[in-house]
Amino acid sequence: MLPFEILLLVTAFCTPASCLPPTLRFDHRSGRRKDSQQTVLGRDKHKLQDRPHKETHTYKCISAEETIDLPTIQRLSFDQLWRLNQPVILSSNGGDTYLEHYIHEAITTESLAVGMDPSLALALMMQQSDGRAATPCTAQARGGGRKCGLLQVVDGSSFEASDAQQSIARMIREGIVDDAAAGEDDEVVGLGARSDIANRLLGWEGRGEGYAGC
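Here the sequence shown stands for residues -19 to -1, 1 to 195, where the numbers follow mature numbering (1 follows the signal peptide of the UniProt record, and there is no 0).
None of these hints come from the bench; they were simulated from the model. Glycine residues also receive a C-beta, built at the ideal position from the N, C-alpha and C atoms. Incorrect hints may appear among the rest.
To be verified - Each pair of labels, with its calculated beta carbon distance range:
| hint | residue 1 | residue 2 | range |
| --- | --- | --- | --- |
| 1 | 122 | 142 | 26 to 32 Å |
| 2 | 68 | 194 | 20 to 26 Å |
| 3 | 89 | 127 | 36 to 42 Å |
| 4 | 64 | 119 | 27 to 33 Å |
Make a model of the complete structure from these sequences and hints.
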């Protein structure tokens, strides 16, 4: 399963007397609750302000003992994140603007269907496949089947060139909506993946080593 649970502590605007930052949990589909001690990237319940477009974000290394503690204004909007990642998505698909459009359409449509922040879906996809529609399946450790698709879902769908638009929508849907396809394997949720995805939400474009360089 994808590392869908990413711990982010987002500091909300508040008065000095009440400045207790809320803890948000980002989950890959709505209605799912985990242990009360876990936190998640949320469902757009907190409307975050856009910041001016920035082309790069300096990667912030996170230790096992900490979470990301940043003002809400520093998190980019979906449109900003898309502009940052669009060149990578185009390059990953050989410059095919149709595939790029289908991916954008699928992320926004399928995220809306479950009330999920499309920024998270985009960050997860970029972490898993760099937005390459024809990403090959990869074998799991311990004989756990294969991960396939744009979001590398266990035993998920793959790209079909003869039905590009629908196969892309299906891959995105399986990654963020389909309970059966997503499964429950919290063991794969590692600090490195959480750190990388959190940084992507802040504008890191995946350049360099990411958490591996920490």
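Hints and how they fare:
The given range of 26 to 32 Å is respected by residue 122 and residue 142, whose C-beta atoms sit roughly 30 Å from each other. Take residue 68 and residue 194: their Cβ atoms lie about 22 Å apart, and the range 20 to 26 Å holds. At about 28 Å, the beta-carbon gap between residue 89 and residue 127 misses the expected band of 36 to 42 Å. Distance hint check: the CB atoms of residue 64 and residue 119 are about 29 Å apart, consistent with the given range 27 to 33 Å.
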